[in-house]
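K.L.:
For reference, the chains in residue letters:
Number of protein chains: 4
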Amino acid sequence: MSEETTSVHYINYLQLDKVLDAQHLISDIKGKAAHEEMLFIIIHQTYELWFKQILHEIQSVMDLFETDKIDESSVGVVVRRMDRVNKIMTTLVGQLDILETMTSLDFLDFRDHLSPASGFQSHQFRKLEVMLGLKIKKRHQLGGCPYHSQFEGEKKEEILNLEESDSLLALAEKWLERIPFLNMEEFDFSKKYEEAVNEMLEKEIAGIKSANLTEQDKALRIRMIDENRKYFERVLDEKEHNKAMQEGETALSYKATMSALLINLYRDEPILHLPYQLLRSLVEMDHKIAAWRFRHVQMVEKMLGQKIGTGGSSGQGYLKQTVDKHKLFTDLANISTLMISRSYLPELPKNIKDTLGFNYKK
Amino acid sequence: MSEETTSVHYINYLQLDKVLDAQHLISDIKGKAAHEEMLFIIIHQTYELWFKQILHEIQSVMDLFETDKIDESSVGVVVRRMDRVNKIMTTLVGQLDILETMTSLDFLDFRDHLSPASGFQSHQFRKLEVMLGLKIKKRHQLGGCPYHSQFEGEKKEEILNLEESDSLLALAEKWLERIPFLNMEEFDFSKKYEEAVNEMLEKEIAGIKSANLTEQDKALRIRMIDENRKYFERVLDEKEHNKAMQEGETALSYKATMSALLINLYRDEPILHLPYQLLRSLVEMDHKIAAWRFRHVQMVEKMLGQKIGTGGSSGQGYLKQTVDKHKLFTDLANISTLMISRSYLPELPKNIKDTLGFNYKK
Amino acid sequence: MSEETTSVHYINYLQLDKVLDAQHLISDIKGKAAHEEMLFIIIHQTYELWFKQILHEIQSVMDLFETDKIDESSVGVVVRRMDRVNKIMTTLVGQLDILETMTSLDFLDFRDHLSPASGFQSHQFRKLEVMLGLKIKKRHQLGGCPYHSQFEGEKKEEILNLEESDSLLALAEKWLERIPFLNMEEFDFSKKYEEAVNEMLEKEIAGIKSANLTEQDKALRIRMIDENRKYFERVLDEKEHNKAMQEGETALSYKATMSALLINLYRDEPILHLPYQLLRSLVEMDHKIAAWRFRHVQMVEKMLGQKIGTGGSSGQGYLKQTVDKHKLFTDLANISTLMISRSYLPELPKNIKDTLGFNYKK
Amino acid sequence: MSEETTSVHYINYLQLDKVLDAQHLISDIKGKAAHEEMLFIIIHQTYELWFKQILHEIQSVMDLFETDKIDESSVGVVVRRMDRVNKIMTTLVGQLDILETMTSLDFLDFRDHLSPASGFQSHQFRKLEVMLGLKIKKRHQLGGCPYHSQFEGEKKEEILNLEESDSLLALAEKWLERIPFLNMEEFDFSKKYEEAVNEMLEKEIAGIKSANLTEQDKALRIRMIDENRKYFERVLDEKEHNKAMQEGETALSYKATMSALLINLYRDEPILHLPYQLLRSLVEMDHKIAAWRFRHVQMVEKMLGQKIGTGGSSGQGYLKQTVDKHKLFTDLANISTLMISRSYLPELPKNIKDTLGFNYKK
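Chains as they are written, first to last, in our numbering: chain G, -10 to 351; chain A, -10 to 351; chain U, -10 to 351; chain B, -10 to 351.
Accuracy of the hints is not assured; some may be wrong.
The list treats identical chains as one, so a pair stands whether inside a single copy or across any two.
Stated by the list, open to error - Below are the BS3-like pairs computed for lysine-lysine, each with C-alpha atoms no more than 25 Å apart in a straight line:
no.	residue 1	residue 2
1	76	277
2	314	145
3	219	309
4	163	181
5	144	339
6	232	181
7	198	21
8	192	19
9	180	207
10	277	309
11	339	181
12	7	41
13	144	7
14	192	21
15	41	19
16	19	207
17	144	244
18	7	19
19	277	126
20	192	277
21	181	124
22	127	309
23	21	41
24	316	277
25	207	126
26	314	277
27	41	76
28	124	41
29	198	19
Hints were generated in silico from the structure; no laboratory data involved.
Next up, chain G with everything else stripped away, as it sits in the complex (with noise of 0.2 Å):
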C-alpha cells in the first residue's frame, strides 16, 4: 500500500483547487465586479456538473441495452439508474429557484460583456439531446445555421458520430422487440387483445344507448369512443400502425409498440414488473426534461421580458419551442391511450402465468 493511500484528503479527492479556482468573473475583469455575477457562474456549473452525472448514467445504460444483458438481472440495475437521472433532473429543475433571486436589474450588471456566450453552447447538453434520440431533422432550428455549428474540432466531430449511433430510444425499441413475450405457446396477445377492445368497445356503446340521456348527449359520447376507437385500430393492424409511421404520427416500430402495451397491461406478474418500472422511467425523464425547459422559459421571461438572448436567439420564444418539440418518449406515454380495464384483460392461460411469475415455489 503506497502513502498516497494513506493521504487522501477530502480537497485533493475533489479537485477543489481546481473546481473552487474556476470562477473568474467578467464583470470584474472589466473593471467593476458585479456581486450577482458568481451565482450566473456557479449556477450553471453546477447544472454542467450534473450533466455529466446524466451523461455517466445514460452511457452505462445504453451499454447495457447494447450488450443484451438487459433481458436479465440488469434490468433492475438500468430502473435504479434511470431512477437516479430522474432525482437529478428534479433538482435541476427546483434550483431554477435559486437563479429566480438573480433579478433583470442584477442581471443587467453584467449581461452585456457575455455576448455572444449563451446556454446554446452547452456541449453536454447538446450531447445528451442526441444521446437520448433527438435528431437533427426533429430539432427546433435556431436561426439559420445547424447547433453543431457551435462547435469546433472533437467536440463538433463527437456530437456528429452520436447522431449517427444507436440513441437510448433506438436501443429501448430494439429491446422492446426482442422480449420474446408476444407469442408464448397458445397465447397469440394481438387476437386476444383485439377480442377484448372489440368487447369493451360494443359494450360501452351498448350502455350508451340505453342510457338516460338525450340524443346529443350520446351522440357526442359515441363520437367520443369513435375517436379512441382510431388508436385501437392503429395497433391492432401492423398496416395502419406502419401507415401512422410515414404519416409521422408514431415513431415507434409495431412489435416495440405491442411489446409496450403487454408489458402494461400485465404489469402485475412478477417478471413484467421491472420492465414495467423502465418504460415508466423513461416517460418520466421525457417529462422532467420539458418541465424542466418549461421551467427555464418562466425564468427567462422573469429575468429578460421580451429581450433578445446574449447569443442571438429570440430568447424565450425560442426555449418556448423546444418544450413540446424535443420530447422524444411520447409513443411510450401514448401506450396508455390503448390500454383498456382490467375486467376485459384476457386472462393469461395458468402455464403461462408460470412462466412470468417465479419458480422457487416449487
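Starting from the known structure of chain G, fit chains A, U and B onto it as the hints suggest.
P.N.:
Chains A, U and B only, in chain G's frame:
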C-alpha cells in the same frame, strides 16, 4: 365563559366527522370497490380545500386594494398573503407526484363511472380564474358552450357577477396608476428614462460598429437592438402604447406600466421595496398557476395518453392550450424588457431620495 | 343504467357541500374573525385527509401481508403502495412551508380559543403510529396519562384493539421469516457469509498493519474495525442476536434479520429486486415520518418559541423527543452495518442463480 | 473593444475544461472503476460550489452590516441575499435524494479507498460555521483534536482568524442594538410592554379561575402560564436577562432582544417590515442548516447503518449531535415566546406611527 369554551376538541374543531366521511367510492356503489378511487377522491378534495384557502387570501387582498389602504401599511400584508398563495401553489404542483402513482390501468378500474363529471366543473377554480382577471372572451373555449354553463342557480350567478366586477388584475392596475411617484417635484421620470434609454442604445450601437466583428455579425446584433427598441418606444410614447393596447399586444395602461417600471428600476429605495415584492409576487403566482397547468397536462398524458376526457374534452389538448393562453400578468413580467442597467439609471435628486427613504434618522 | 349514472357532477362526487362547509372560525364565533384561522383549519383538514389515504394504503398492505399473497405478484403492489405513502409524506413535510407563513403574531389572534384542543388528539395519526408498530410502552409519555385517554368510546376501543393486533412491522418480520431463501439446496447462506466476513476483516487488519501509518493511526483504525465486528458477531451467532434482543439493542428476529441481509446483498438477482424495494420503502417511510416530526418541531419553534402547547404539552419539547424515539424500522436500516463489499460476496451456485432469476429464456 | 470581447464562449466563460476534468475515480486508479463513485464525487463538488456561493453572500451581508449601511436601503439587499442563501439551502437538502440512490452495496465498491478523507475536512463548511457564529467552545467535539487540526497553513490560519472576528450573529446583534426605536420620543417601549404583559397574564388567570373547569385542570393551566411568565420576567428586567446570559440560557444581549421583540410586534409598520423579514431570514437559515444536518444523518443511516465513518468518526452519532448543538440563532426564534396578541399590543402614538410609516403622502 361557557362550557363549550372549555371543551374544544381537535376532532370537533376541524369537523372531521364531515370531512372524513365524504369519501364514497362510486365503484363501491356500483358493486366493486376500486382501491385507487380513494386516492382520486381525496386528492381532489385537498385541491378544493386549498382553492378555498387561495380564494380567502385573494379576496382579502382585493378588499385591501379596494379600500385604498394598500398605499400604506397594507402593502406588507398583501405581500405576505401573496407569498402564502404562492407557497400553496408550490404544494399543489408538487402533490401531482402523488396522483401520478395512480397509473392508467388503476384509473380504468373506475373511470367509466365518473362520466360526465370533470375537473372542468370545479366552481372554485373557475371563480379563482375570474377573480384574478381571466375574462370569458380571453378564455380558451371548450366545445361550443360557455364555461359557466357547467353551473346553475347561485353558483352560476356568482360567476357571472364576478365577470362584471373588478378583478385582481384591474385593482393592481388602479393601484399602480394612483401611486404618486411619476411626477415627483422636479423629477420627471419619463423624460429622464427616455434620455437614459437613448444614451444606452446609442452606446450599444457605437460599440458594435467599432467592434472587431464581421459585417454579418454586426448587422445581426444591430437587428437585435432594433428589436428591443420597439418595446422602449411603446413605453416612451403614450400614443404608441395605447395603439399597442388596441392591437392586443399589451393590456396594462400606460400610467400603470410606467409606475411598474419605476418600481422595478428603483426597488432598492426603501419605500419601493415592498411594492416591488408585490409586483413580483403577482408574476410569481401567474407562473405557478401556469406550472400547475403544465404538470397537469403531463399527468393526464401519463394516465390517459390521447384518450378523451370524462367531460368530453380532448383531454390534454384543452389543458395544453390554457397553459399559455390563461396567463394574466404577462405585462408585469414584460417590464423586464424595459429594464436598463444601473449604470444608465438616472440618479434621483437627493431630496427625492430622502422622500423615498425613511425619515427615522433625523 | 339508472339516471343517477348519467348525472355525476364533480361537486357531488367529491361531496364538496360537506368538505367546503366545514371551516367555522372559532374566532368568528367568539366575535372577531381572525383572517389566519382559515389557514389553520384548512391545513389541518388536508393533513387529516392525507392521513386517511395513508391508512387506506397501509391497511391494504397489511391485508396483503396477512393473506400470504405477498410472496408472489403482490410484492409489486405493495412496493407501489408504499411508494405512494412516501410521496404523500413528501407533500406533508413540504406543506409545512405553507403553515410557516402564519407567524407568531397571527397565531395569537385566535390561539387562546383553541385550548385544550391539540394535534395530539388526531385519532388517525395515533392509529397510524399503532398500526405501523409503535407500542405504548415504547412511546414517549406526555404527562401522566396514556395517550388513548384522549379518546372515548369506539375511537378508544379501536386504538386499544390495534395495540393487540399485528402491526406492519410484525407482519413484515413474519414475511421475512418465511421467505425460503436462507437454506437453498446446497447453499448455506449463514456459513458462506461468515466466511466472507472473516476474510474481509482479516484482510482489512492485515492492510492496516502493513500500511505506512503511525502506530497511533493503526491502533485507531483497528479499533474502528473491532467496533464494526460486534455487529457482525451478533448476526453470525443466533444466541448473541437473541441476547441483543433481550437487551433492547435490536427488535428484529434472527431469521428475519438474516433474510433482510440476504435480500440486501443479492438484490441484483431478479427475484430479490422487488423484496429489496419493499424493505427500502419501509425504511424510507420511517425516515419521512421522522423528517415530518423534525420539521414540525421547527415550525412550532418559529410560531411559539418556548411557549406551552394548547394541549398542555411542553410544545416543541415533546415533539422533539418523538423524532428519534418513535422510529420503528431502524433495524432494517441497520442492515447496512452488515453489508460487505461485492468483492467479498459469496458467489451463488449456478443452479441457485437460475432459481432466483426468471425462467422465460428457455 | 478588444477581440477578446467578441469571443466569449460558454465553455470558456465557465472554465468547463477545469470543472469537468476534476473527476478522477480513485477506484479507477486502484484498478477497478466503480460506476457509483462518479456520483459521489460530483455531488460533493456541487455542494462545495454552493458553499462558495453561500460564503459569497454571507460575506457581502457581513460587509453591509459592518459599514453600517444596513440601516437604510441595504436592508432590502440583505433580505434578498439571505433569501437566496435559504433557497440554496433548500436545494442542498433536496439533493440528498440523489445521493440516497447510491446504496450501501454500491458505496462499499469504493469506500475503503477513501479513508481517512471525510466531509469533516470541508474547509468551506467549517468557515461558514465560524462566520455564522459557531465558536469552538460551543462546537460538538469529535475525538480529542480541535476541528482546525484538519487544516494546515493558510487554510488553518484563515479559520483561526475568523474565530477572532465578528460573526454574522455578532453583527446582527450590534445592528439590533443600534436601531433607534426603543426610546422614541414619549414612547417608552419597555414600560408599555410590561403593562401589556401584566394585563394579559392577569386576564388569563382570571379567565381560568372563573371557567367551568375541574380544580385539577385549573391548576394545570395556571402552571402553564407561570411557566411562560419566567420568559417575560427575564426580558422585563435587564438584570434577570443578564443573569440568564451568564447561565447560558440566552446569548443575545438585553438591548438586542428588546429591539428584536419590538420589530416582531410592530412588523406591520412599513419601516419595520424589512427588518422583520431580515430577522426571519436568519432563523430560517438556521433551521435549514439544521434540516440539512438532520437529513444528512438519515442518509448516513441508510448508507452505513452503524458503521464507523471514513474519518474515524462514529458516523451518524457525531452528525446527530450537531443538529441541535450547532444551532446559532435560537434566541431570535425564541422571541416568539415573548409575543403577545395584537389585542394587548400597546398602540403607538400617532406621531410615532407617522415616523415609522412613509412620508410620501403629504
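K.L.:
Which constraints among the numbered hints does this structure fail? Numbers only, ascending.
P.N.:
Violated: hints 5, 9, 17, 20, 21, 25.
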